[in-house]
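*Asks:* Given next are the chains, with one letter for each unit.
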Amino acid sequence: MKLFALLKTRFVVWVWNHTPTCAEMSRLTSRALEQPLSLRMRVKMRLHFVICAWCRRYFEQLNFLHEHAPRLGVQFETAAVRGLSPDAKQRIKAGVRKNLTPAL
Amino acid sequence: MSVESQIAAVPMPELPASPASPAPAPRLSDPERWVDEHGDYLFKYALSRLRDPVKAEDAVQETFLAALKGGKDFEGRSAEKSWLVGILKNKICDHYRKAGRETSFTDLEFYKDEESDRFIPDGPFKDGWIHELGPQEWNSPGASLDSEVFWQTYRDCSNKLPKNVATVFNLREVDGIESKEICAMLNISENNLWVMLHRARMALRRCLETNWFGKPEGTR
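In order, the protein sequence lines correspond to chains A and B.
Under numbering that gives the first Met the number 0, the letters of the first sequence match residues 0 to 103, in that order.
Under numbering that gives the first Met the number 0, the letters of the second sequence match residues 0 to 219, in that order.
Some hints could be false.
[Stated by the list, open to error] The calculated lysine-lysine pairs, modelled on DSS-like cross-linking and capped at a C-alpha distance of 30 Å, are:
hint, chain 1, residue 1, chain 2, residue 2
1, A, K1, B, K97
2, A, K88, B, K80
3, B, K68, A, K92
4, B, K179, B, K80
5, A, K88, B, K97
6, A, K92, B, K125
7, B, K179, A, K92
8, A, K88, B, K162
9, A, K88, B, K68
10, A, K43, B, K111
11, A, K97, B, K97
12, B, K125, A, K88
13, A, K97, B, K125
14, A, K7, B, K125
15, A, K97, B, K111
16, B, K88, A, K88
17, B, K214, A, K92
18, B, K179, A, K43
Simulated from the structure, these hints should not be mistaken for laboratory data.
Construct the complete structure from the given sequences, taking the supplied hints into account.
*Replies:* Listed below in structure tokens is the structure:
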């Protein structure tokens, strides 16, 4: 049991020393959404995930938010902001009319 | 749909009744109906991107003008709204292009401290997550997607981002435009874009954890 604990500590320290820091991991997680990382870097990240639940969660959560962000763009009907005021609607109608009339 | 807009949506009598006939080109009467039917949506969209009611109103007006002038490109009324939204998106991008030429879009000060505050400052585990401040387990994130309040929270969080950072985030994450295209549009370097996106995502993740995922289900 003691030997197992010792090996585990050794392993964690080894991985920590051979993979990016968590601060670096958070940057890489975001970078990976912009361009493919090298195989070497991806392997290092996977290895880091083995010893670090925080970076693993960060990776999963960032990918989750990235994947579903496009839906933010179609949520405007329910947005809690006011739409156009009646005055603004009249202004726009008048503006469009004014800009078109000379052409007719 | 309100009663007024339903009335406004009744087709004019001179419209061709047969579905086989080609879609009529937009006419002068259309903008009135457009404003009533789609004005609010377009305005909210523009406001969420431009964060300025005056500029948003201008963008909506320009959209209707461009729609009237380019009416021949428009096919079928069913897709009218997405057609108008497409024009509005272009108008908003024009606005960004202009702003990118006039001022710097780069905002690298934002959240600089917040970023380093979450990591261990020194010792053998320097730059590791401080355990209490690191990402927590999220409880069934998939189920949140069906919640109106979740989307409201997501939107509120993205509205808290500084203006230029939010612009970058919306173009990249919401519209899905490629990095290189955004850099060209806003006149910023790719590296600066990456830093801004990294901080924006970090801040949003944190905000959603605090205001949604970290709360017990009953109190959301």
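*Asks:* Which hints from the list above does the structure break, by number from lowest to highest?
*Replies:* 1, 6, 7, 12, 13, 15, 17
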